[in-house]
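J.: Sequence:
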Amino acid sequence: MKLSAWFVALALLGTACSSSTLVQQGPSDTLRAYARALEEGHVDEAYRLLSDDAKRSMSLEAFRRAVKESPDEVIEIARAVSRPASDPLVTATVSLPNGDELLLVYEDGKWRIDAAAIDLYSQATPRQALAGFLRAFERKRYDVVLRYVPDAEKEGITLGEEPAPAATPEAAPPAGKADAPAPKTTGTELTAEKLRAAWEGPQKDQINRIVQAIRTALPTAVIEETGDSASMSYGAGGTVALVREHGLWKIRDF
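Mapping the sequence shown onto the UniProt record's numbering, position 99 (from 1) lands on 99, and the numbers just tick up by one.
Treat the hints with care, since some could be wrong.
[As the list claims (entries may be wrong)] Ranges between beta-carbon positions, derived for each pair:
id : residue 1 : residue 2 : range
1  : Asp228    : Lys68     : 44 to 54 angstroms
2  : Ala124    : Thr220    : 18 to 28 angstroms
3  : Asp53     : Glu193    : 43 to 53 angstroms
4  : Ser233    : His42     : 15 to 25 angstroms
5  : Asp114    : Ser28     : 17 to 27 angstroms
6  : Glu61     : Ser229    : 56 to 66 angstroms
7  : Glu76     : Ser229    : 51 to 61 angstroms
8  : Pro219    : Gly109    : 26 to 36 angstroms
9  : Glu193    : Ala152    : 13 to 23 angstroms
Just so you know, the hints here were simulated from the structure itself, not pulled from any lab data.
From the three backbone atoms N, C-alpha and C, an ideal C-beta is built for every residue, glycine too.
Turn these sequences into a full structure, and let the hints steer you where they fit.
T.: See below:
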């Protein structure tokens, strides 16, 4: 891992994993103190601001050595950390007995329950859309799964492609190409029952493998968002592509 990645990750861990300190001091204060300690060469002081998890990732000796070997880069990182691009948000995640996770947000000196506790199938963000899709799939709520299908897919047309002619017995998909998230039924509207028939029938094993891989990757995956498009890598080379329609995030392909 590059030095810059280490220091940015450690800085974030230092402000994100020590909830009691954050509540008392505030994440912005901690970031500024961390940046100031690095700029002034107070390496041990900067290290003390890291969380226990961060310290397990990098020993004090390794931290000192990294600072000494790349002083210019450390100063650059310190200055960047002291000017975060967005306001800090303090959150906590609680695991429920059924395996779901509940998000809490620290606001105005009190912990508040996130909207996800009310909207189990939110599409407000790409990550919430994926979590909602996984929950709907697990509960076999194919009527809800349809909410995550783009309009063109529901109409049997793949986004960015012309409608394909009806398949013939001789036709076969190119080698190595995975099926799209919804059956390609050109000219035929996709329904919950058709989706159930495909995903609990011929595509069952493949869909289950994909869903499990997405579920495993989601908690720690980086979701790249550009305008009305987003993507997340999962498994061995898989990628979920999302698109925002009418203000809601939907799954374009996986």
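J.: All hints are to be evaluated individually against the structure, with a verdict given for each.
T.: Results of checking the hints against the structure:
no.: 1; hint: Asp228 x Lys68: 44 to 54 angstroms; result: 45 angstroms, holds
no.: 2; hint: Ala124 x Thr220: 18 to 28 angstroms; result: 20 angstroms, holds
no.: 3; hint: Asp53 x Glu193: 43 to 53 angstroms; result: 47 angstroms, holds
no.: 4; hint: Ser233 x His42: 15 to 25 angstroms; result: 38 angstroms, violated
no.: 5; hint: Asp114 x Ser28: 17 to 27 angstroms; result: 21 angstroms, holds
no.: 6; hint: Glu61 x Ser229: 56 to 66 angstroms; result: 44 angstroms, violated
no.: 7; hint: Glu76 x Ser229: 51 to 61 angstroms; result: 31 angstroms, violated
no.: 8; hint: Pro219 x Gly109: 26 to 36 angstroms; result: 28 angstroms, holds
no.: 9; hint: Glu193 x Ala152: 13 to 23 angstroms; result: 20 angstroms, holds
The structure fails to meet hints 4, 6, 7 from the earlier list, while all remaining hints are met.
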